[in-house]
Amino acid sequence: MPIKVLFFASLRERIGQSQRLLETDTPLTLQEVWQRSSGETHLPDNVLMSVNQTYVDANSLVQPGDEVAFFPPVTGG
Amino acid sequence: MQHVDVREMPFEPWQYLADWQAQQLPENARSGATAVFVGTMRDFNEGDDVTGMYLEHYPGMTERQLATLVAEASQRWSLDAALVVHRVGEILPTQPIVLVAVWSAHRAAAFEACRHLMETLKHTAPFWKRETLSNGTVRWVDRNTLG
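Chains G and V are the protein sequences, given in the same order. All residue numbers for the first sequence refer to the numbering used here, where the first residue is 1 and numbers rise by one. All residue numbers for the second sequence refer to the numbering used here, where the first residue is 1 and numbers rise by one.
FYI, nobody ran anything at the bench for these hints, they're computed from the structure. Cβ coordinates follow ideal geometry from the N, Cα and C atoms, glycine included. Just so you know, not all the hints are guaranteed correct.
To give an idea of the chain V side of the interface with chain G (calculated C-beta under 7 Å), a few residues [unchecked claim]:
#	residue
1	30
2	58
3	60
4	64
5	76
6	127
7	128
8	133
Residues of chain V placed beyond 12 Å of chain G at every Cβ, according to the derived structure [unchecked claim]:
#	residue
9	15
10	18
11	23
12	24
13	26
14	28
15	47
16	57
17	68
18	97
19	108
20	123
21	131
22	137
One chain only, chain G, in its complex shape (with noise of 0.2 Å):
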């Protein structure tokens, strides 16, 4: 099951793309998920991360079939 990878908003045009999809068989940091999915070598501070649409942080782990969101600070409401 590959991980489906989104960026949104400003991130989104930065890195030139909205999804992308990981092949893996066995769970990856999100450190290597952010960078075999944008191409950037470093997970700038300011980027907020989601696994299966909840908040977590950049130590986590990412299992094959999960969604991962990368994307910059929020500004709603």
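For this one, chain G is given, so just place chain V on it according to the hints.
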């Protein structure tokens, strides 16, 4: 009673509130206090004239996060009911963006819960504003204004 509505179409908050209260809270005799916040799009930001805005969100996670915030606030302040309505898509100045309403037995809980819901929404619900200025510039809003 809790309700979250993320919608693309404009809405009239006072009508929405009246309709929801009439349909969902026919006998809310417990609630001595109702606190309401309406956020409306203004035509300026950071010193520039703003003519329009596009509000992007994360379908699925947005509704889920708002429901979590409402459930947490309802428990913390023993709310009788809570309602959050939020626009997405193209928005014009003077159009309502967000409606937060809470019902509780006493005013302190209602005021505090309404403000808490609004602030946590602004900092954790996955919405992003992209505004268009009067000179045609399009830019992402990268931070919230102070309360």
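Structure-based check of all given hints:
1. Interface hint at residue 30 of chain V: violated, since its Cβ lies 28 Å from the closest Cβ of chain G, which is beyond the 7 Å cut-off.
2. Interface restraint check: residue 58 of chain V against chain G, minimum CB-CB distance 6 Å, threshold 7 Å, status holds.
3. A distance limit of 7 Å between C-beta atoms decides the matter here; for residue 60 of chain V the minimum to chain G is near 6 Å, and the interface restraint holds.
4. For the restraint placing residue 64 of chain V at the interface with chain G, the shortest Cβ-Cβ distance is roughly 5 Å, inside the 7 Å limit, so the hint holds.
5. At a threshold of 7 Å, the smallest CB-CB gap from residue 76 of chain V to chain G is about 19 Å, leaving the interface hint violated.
6. Taking 7 Å as the C-beta cut-off, the interface hint given for residue 127 of chain V holds, the closest approach to chain G being about 3 Å.
7. Using the Cβ-Cβ criterion of 7 Å, the hint placing residue 128 of chain V at the interface with chain G is satisfied: the shortest such distance is roughly 4 Å.
8. At about 16 Å, the closest approach between the beta carbon of residue 133 of chain V and any beta carbon in chain G exceeds 7 Å, and the interface hint on this residue is violated.
9. At the 12 Å boundary, the C-beta of residue 15 of chain V stays outside the reach of chain G, the nearest C-beta of that chain being 20 Å off.
10. Every C-beta of chain G lies more than 12 Å from that of residue 18 of chain V, the closest at about 22 Å, which supports listing it as non-interface.
11. At the 12 Å boundary, the C-beta of residue 23 of chain V stays outside the reach of chain G, the nearest C-beta of that chain being 25 Å off.
12. Every CB of chain G lies more than 12 Å from the CB of residue 24 of chain V, the least distance being 23 Å, so the non-interface label holds.
13. Once the 12 Å rule is applied to beta carbons, residue 26 of chain V is consistent with being away from chain G; the minimum gap is 29 Å.
14. Every CB of chain G is more than 12 Å from the CB of residue 28 of chain V (nearest about 26 Å), matching its label as outside the interface.
15. Taking the minimum C-beta to C-beta distance to chain G, about 17 Å, the non-interface status of residue 47 of chain V holds against the 12 Å cut.
16. Distance to chain G contradicts residue 57 of chain V as a non-interface residue, since its nearest Cβ pair spans about 8 Å, not more than 12 Å.
17. In this structure residue 68 of chain V is not separated from chain G by more than 12 Å, as the shortest Cβ-Cβ distance comes to only about 9 Å.
18. With a least beta-carbon separation of about 7 Å from chain G, residue 97 of chain V fails to lie farther than 12 Å from that chain, contradicting its non-interface assignment.
19. The beta carbon of residue 108 of chain V is kept farther than 12 Å from every beta carbon of chain G, the shortest such distance being approximately 23 Å.
20. Under the 12 Å C-beta cut-off, the non-interface status given to residue 123 of chain V relative to chain G is violated; the minimum distance is some 7 Å.
21. A Cβ of chain G approaches the Cβ of residue 131 of chain V within 12 Å, the least distance being about 10 Å, so the stated non-interface status is violated.
22. Chain G leaves residue 137 of chain V outside its interface by the beta-carbon criterion, the shortest separation being 14 Å against a cut-off of 12 Å.
Of the hints listed earlier, those the structure fails to meet are numbers 1, 5, 8, 16, 17, 18, 20, 21, in rising order.
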